[in-house]
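S.K.: Which chain is which? The protein sequence lines are A and B, in order. Numbered according to my numbering, the first sequence spans residues -6 to 80. Numbered according to my numbering, the second sequence spans residues -6 to 80.
The hints are simulated quantities; they were obtained by calculation from the structure and are not laboratory data. Here the structure is a predicted model, which is why all the values come from computation and not from measurement. Heads up, some of the hints might be wrong.
Copies of the same chain look alike in the list, so a pair counts if it fits in one copy or across any two.
Below, a list of computed lysine-lysine pairs in the PhoX-like style, where the Cα atoms sit at most 20 Å apart [as the list claims (entries may be wrong)]: (1) LYS44 <-> LYS4; (2) LYS34 <-> LYS(-2); (3) LYS(-2) <-> LYS20; (4) LYS34 <-> LYS44; (5) LYS20 <-> LYS59; (6) LYS4 <-> LYS20; (7) LYS(-2) <-> LYS31; (8) LYS4 <-> LYS34; (9) LYS(-2) <-> LYS44; (10) LYS31 <-> LYS59; (11) LYS44 <-> LYS20.
There are 2 protein chains.
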Amino acid sequence: MALVKVYVNYKQSILNPEAEAVHKALKRLGYADIEDVKLGKYFELTVADGKSQAEMDHEINEICDKLLANYNMENYHYEIEDAEAAQ
Amino acid sequence: MALVKVYVNYKQSILNPEAEAVHKALKRLGYADIEDVKLGKYFELTVADGKSQAEMDHEINEICDKLLANYNMENYHYEIEDAEAAQ
């Protein structure tokens, strides 16, 4: 099995109020050295064996484009790991 | 500057309906080889220079415990990178 880690973040130009709120809360708590906060989503997909690297890349990109990320507002990147090794 | 990547996931025993919904949607779309979906949060904190590694670890753990993760339901881990190198 493969473990695919997908990171979805807002694009630079998109305002993210949740990240802003975390940043402000950190300032209130006294963490003045935190200069920026970004907040995104993190998916771990466990994928059955039997696909080549190219097929896997194709499938993951398709899944991200269709479901996990909104291409108007979000960027994504992913890493493919061996699930057993990652346990 | 340092870039700290924080990953917050639900603990194994905690039901995550959002991840379940994504998993079901993937099945409906025909991706039968996706065996499991986990969904968590992904933070990127930009931290000013001037702290030792130990001070940085202390601060990040404190921030995670206080604000970013709910220790009853969530686990977190983080990686510290050099922000300039990561651009």
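S.K.: Indicate, hint by hint, whether the structure satisfies it.
M.R.: Outcome of the hint check:
1. For a Cα distance limit of 20 Å, the shortest separation of LYS44 from LYS4 qualifies neither inside one copy, at 31 Å, nor across copies, at 29 Å.
2. Proximity of LYS34 to LYS(-2) under the C-alpha cut-off of 20 Å is found in both arrangements, the shortest distances being 10 Å within a copy and 12 Å between copies.
3. With identical chains, the CA atoms of LYS(-2) and LYS20 are at most 20 Å apart between copies only, with a shortest distance of 18 Å across copies and 30 Å within one.
4. For a Cα distance limit of 20 Å, the shortest separation of LYS34 from LYS44 qualifies neither inside one copy, at 25 Å, nor across copies, at 28 Å.
5. Taking the shortest Cα distances, LYS20 and LYS59 sit within 20 Å of each other only across copies (13 Å), while inside one copy they are farther apart (37 Å).
6. In this assembly of identical chains, the alpha carbons of LYS4 and LYS20 never lie at most 20 Å apart, being 23 Å within a copy and 28 Å across copies at closest.
7. When the C-alpha separation of LYS(-2) and LYS31 is checked against a cutoff of 20 Å, the pair qualifies both within a copy, at 18 Å, and between copies, at 9 Å.
8. With identical chains, the CA atoms of LYS4 and LYS34 are at most 20 Å apart both within one copy (13 Å) and between copies (16 Å).
9. In this assembly of identical chains, LYS(-2) and LYS44 lie within 20 Å of each other by CA distance solely inside one copy; the values are 17 Å within and 30 Å between copies.
10. Only between protomers do LYS31 and LYS59 lie at most 20 Å apart by alpha-carbon distance; the minimum there is 17 Å, versus 23 Å within a single protomer.
11. Proximity of LYS44 and LYS20 under a CA criterion of 20 Å is satisfied inter-copy only: 17 Å between copies versus 47 Å inside one chain copy.
Violation of the numbered hints given earlier is confined to hints 1, 4 and 6; the remaining hints are satisfied by the structure.
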